[in-house]
Amino acid sequence: MRDGSRREPLLAARGLRKSFGHIVALDGTDFDLYPEEILAVIGDNGAGKTTLIKVLSGAVIPDAGEILVEGQRAHFRSPLEARRHGIETVYQDLALASELNIAENLFLGREIRRRGILGRFFRILDKPRMLREAARHMSDLKIGIQSMNQTVGGLSGGQRQGVAVARSAAFATRVVIMDEPTAALGVKETRMVVEMIRRVKARGLPVVLISHNMPQVFELADRIHIQRLGRRVAVVRPDECSMSDAVAILTGAKEGNGLSRPTARSASRESSER
Amino acid sequence: MNAKRLLAACCSAAIVLFAAQSVFAADQSSPIKIGLVVKTLTNPYFVTMIGAAKKYAAEKGITLITGSGAYDGDNAGQITAMENMASAGVKGILFTPSDSSAIVPTVEKLRKQGIVMIALDTSTTPESATDGFFATDNFQAGKLIGEYAKAAMAGKTPVIAMLDGTLGSTVSQQRHDGFLAGFGIKEGAPSIVSEQATNGDESKALTAMENSLSKNPQINLVYSINEPAGFGAYTAIKKAGKIKDIMIVSIDGSHNGVEAVKSKEFAADSMQFPAKMAQDGIDAVITYAQSGVKPTGYVNTGCALISDTPEHGLSIESSSWGLHNAWGGKG
Amino acid sequence: MLRPFSISGIGALVALLLACTFFSLGTPRFLRGENISLILQQAMVIGVEAIGQTLVILTAGIDLANGTVMALGSVVMTGLAVNNGVPPVLAVLIGFLVTSGFGLLNGALVTTIRLPPFIVTLGVLNITRALTLIYTLTIITGLPDFMNTAGNTFTIGATQITFGSVLMILLYIIMFFVLRATAWGRHVYAIGNNPEAVRLAGISRTRLLLSVYALAGLFYGIAGLLLVGRTGVGDPQAGLNDNLGSITAVVLGGTSLFGGRGNILGTLVGTLIVSVFNNGLQLMGVQEIYQVLITGILVILAVSVDQMSHRTQG
Chain B
1 MRDGSRREPL
11 LAARGLRKSF
21 GHIVALDGTD
31 FDLYPEEILA
41 VIGDNGAGKT
51 TLIKVLSGAV
61 IPDAGEILVE
71 GQRAHFRSPL
81 EARRHGIETV
91 YQDLALASEL
101 NIAENLFLGR
111 EIRRRGILGR
121 FFRILDKPRM
131 LREAARHMSD
141 LKIGIQSMNQ
151 TVGGLSGGQR
161 QGVAVARSAA
171 FATRVVIMDE
181 PTAALGVKET
191 RMVVEMIRRV
201 KARGLPVVLI
211 SHNMPQVFEL
221 ADRIHIQRLG
231 RRVAVVRPDE
241 CSMSDAVAIL
251 TGAKEGNGLS
261 RPTARSASRE
271 SSER
Chain W
1001 MNAKRLLAAC
1011 CSAAIVLFAA
1021 QSVFAADQSS
1031 PIKIGLVVKT
1041 LTNPYFVTMI
1051 GAAKKYAAEK
1061 GITLITGSGA
1071 YDGDNAGQIT
1081 AMENMASAGV
1091 KGILFTPSDS
1101 SAIVPTVEKL
1111 RKQGIVMIAL
1121 DTSTTPESAT
1131 DGFFATDNFQ
1141 AGKLIGEYAK
1151 AAMAGKTPVI
1161 AMLDGTLGST
1171 VSQQRHDGFL
1181 AGFGIKEGAP
1191 SIVSEQATNG
1201 DESKALTAME
1211 NSLSKNPQIN
1221 LVYSINEPAG
1231 FGAYTAIKKA
1241 GKIKDIMIVS
1251 IDGSHNGVEA
1261 VKSKEFAADS
1271 MQFPAKMAQD
1281 GIDAVITYAQ
1291 SGVKPTGYVN
1301 TGCALISDTP
1311 EHGLSIESSS
1321 WGLHNAWGGK
1331 G
Chain P
2001 MLRPFSISGI
2011 GALVALLLAC
2021 TFFSLGTPRF
2031 LRGENISLIL
2041 QQAMVIGVEA
2051 IGQTLVILTA
2061 GIDLANGTVM
2071 ALGSVVMTGL
2081 AVNNGVPPVL
2091 AVLIGFLVTS
2101 GFGLLNGALV
2111 TTIRLPPFIV
2121 TLGVLNITRA
2131 LTLIYTLTII
2141 TGLPDFMNTA
2151 GNTFTIGATQ
2161 ITFGSVLMIL
2171 LYIIMFFVLR
2181 ATAWGRHVYA
2191 IGNNPEAVRL
2201 AGISRTRLLL
2211 SVYALAGLFY
2221 GIAGLLLVGR
2231 TGVGDPQAGL
2241 NDNLGSITAV
2251 VLGGTSLFGG
2261 RGNILGTLVG
2271 TLIVSVFNNG
2281 LQLMGVQEIY
2291 QVLITGILVI
2301 LAVSVDQMSH
2311 RTQG
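Protein chains in written order, with the working numbering: chain B, 1 to 274; chain W, 1001 to 1331; chain P, 2001 to 2314.
Treat the hints as calculated values from the structure; they're not laboratory data.
Keep in mind that a hint or two might mislead.
[To be verified] Far from chain P, some chain B residues (derived; all Cβ distances over 12 Å): (1) Gln72; (2) Glu81; (3) Leu96; (4) Glu133; (5) Ala164; (6) Asp245.
[As the list claims (entries may be wrong)] Pair by pair, the computed Cβ-Cβ distance ranges are: (7) W:Glu1127 with P:Phe2154: 33 to 43 Å; (8) B:Ser156 with P:Phe2177: 29 to 39 Å; (9) W:Lys1264 with P:Asp2145: 53 to 63 Å.
[Claimed, not checked] The following residues of chain B were derived to be distant from chain P, with all beta-carbon distances above 10 Å: (10) Asp32; (11) Ala95; (12) Glu104; (13) Arg115; (14) Thr190; (15) Phe218; (16) Arg237.
Given the structure is predicted, the values throughout are model-derived calculations rather than measurements.
Here a beta-carbon is modelled for each residue, glycine too, at the ideal position from N, C-alpha and C.
Build out the structure end to end from the sequences listed, making use of the hints.
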């Protein structure tokens, strides 16, 4: 089913392939993300969701296929290069340093230096400014933490998620990717993070959201990318597709709407499954 | 930990400490403090020296502070120990230098502060850096067993293996030369078929002896710089089944060594008197403290030849005398 | 960021104060100005080595080669000056170059070949020990005056203070600020704390670790100069146990051996604890084997406190 609008995808991938030894993680995956939408990526374990996300964030280099940023071919050889294209990722384990404080984590690798000789030659940090800006980014997402000076290790799970989300939202210029942001959280904190994600979208950044949590996916997503056996087998809209149908497509009980280009190998695999 | 609990913990700790320190506190009424710094605490030779010094110090009513390096060659450790003793107010320091030249700047510094510095067993380089040097005449120690070996080997053609100490050590060189003089041969004589440095270490001496025997199975006399080297040689000789054919002579005079003479492992052993070194040293410091007179130069603390086989013309003590006077514990 | 000490760092300071109290009660000779100055002087070599060791341990590494690298540096600088007539300042700088070079080697092996730091530095320990003994079996004496500077003193009131111990304290203060207030310093903590986060943040692990190990090597070279100033000789046998000594100081000061946590000022306190015990026990005439025993007990206590505070923070 094609999306009716004639917008160009902000971030797209065609025919991604990636194997780890004998394990095929991506078998010709496609991907499209349009501006100002929340795109959920769902799929069973081993479908290739995490590998897909890692390719888009530059953490993994694909064996074949291409990535297109606003229509232009792009190669991400490292997470840094993906970031330079404005793509920020919140990883499942958050990638936070528990002994550093919130501001230091937010600006990790992008620290603000003092002006003048102190900053340029001695490379001394402008800590007051870091604290201020960090506070601003957190309050933009309405995350209620008072002091930016406390170490991240002392925060709750939801608060830590907030720091990681705020970090990506602060620096992303094109896309924010989130891998299972609420997987380890309780009900109240999950709510907090869901609200955060909405606010990120409200700031004009599209969000790619991997999640196992169906109700959450159906609550948040504008479109749902269904990954199965290393390929995108369907893209559905939550208002046009029921949760049970989506799950059925995910497990293979139901056919997808065929938005992947089948290769000879995958075609034979599907026929052997029937 | 909140502030109140911390404060309470500190107060109770302080009270406990005050009580505890009285257990350890040195006798403040003793007027004379003497320091003794040895090479390491793991060498039984130095353990003996310290034990004898402590006993003698108690008899004389003076306070003895001891220290050492962490390993053979730990010059910095000996310097630290000496500085602490100076800070403790010692009148004199007796020491066996790990490195004869490295310790000299510190020795000179402390001499300038009016502390009398006496080297025991091994001299500093130069010897004049200290106020006194009390030690065995190492040349004499070597000479005694050289003379014994010559007398005991009369009639046989000597084939000699020499197991020396550490390269460059004056003690090793003096004993070596003394043995040659006592035996009546010169350096490089054809009767000497092997000369190896063993660092005075038993396992190194074992290897050296095995190699020497392998090179020259006719060896019938072994000179060893000290007893560990001698024991290493004995093990090698026993393994080769040549106990009956080879004579071992050694230097040190520890309990173990004299037992070895008694059991005929060693034919003869030159005995040193480390306890006497410590005692003479303590006496010298007491004299200095009481009269301001410093010791000067070298004092020979003596050596005796121990053997159970009498030889004409030599002054020999039996092993039973030796056991009475040996240093070191049994074992 | 603003807290100067974690809970375990405070513990070290309390332990130091208690030790000083104990010894000043035990003997009136402890609290004299000269004795305190002596303690600082005795601490300065290991103290500066421990700065380098702290940096390495913060990155979740460990350096077993610090003592032998220091010894190599000190014999090279003294040997060049005495035997080859190299001007003393240049000889010292070459010595620093040698020690930093071996630090760089450590870092290169850890980052490129990805060998564990324990193994790498163990290998470098043996290499530098051998090189030192190949360079000279005997000690080097007759040093030019410049090299003794670290051991020289200046007088405040009735007390003589060694330049070297002042330098040690200055270096600690400088590194304290560097670790707290520069991006590099925060990255040192981060890589020991969560190396994956550092990688994903786009920070080069290679450049960071190379700089840490090389800088540690420089500190070992400085420690070598302080040793030369203190003893007046270049000694190839020096520093053989300094790896354990510096690690003890780091652990006593509250820095975690797992990396990412700790305070460099704590290391200074840890160094002083060892020196205070060494000095105090000797002043009181206690057999020095007890000093070894006490140090061992302190280390166990320090690590336990560190583990407990780690757990409560969660």
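Outcome of the hint check:
no.	hint	result
1	Gln72	22 Å, holds
2	Glu81	9 Å, violated
3	Leu96	6 Å, violated
4	Glu133	15 Å, holds
5	Ala164	10 Å, violated
6	Asp245	36 Å, holds
7	W:Glu1127 with P:Phe2154: 33 to 43 Å	34 Å, holds
8	B:Ser156 with P:Phe2177: 29 to 39 Å	32 Å, holds
9	W:Lys1264 with P:Asp2145: 53 to 63 Å	59 Å, holds
10	Asp32	25 Å, holds
11	Ala95	4 Å, violated
12	Glu104	5 Å, violated
13	Arg115	15 Å, holds
14	Thr190	21 Å, holds
15	Phe218	30 Å, holds
16	Arg237	32 Å, holds
Figure legend: structure checked against the earlier numbered hints; hints not met, in rising order: 2, 3, 5, 11 and 12.
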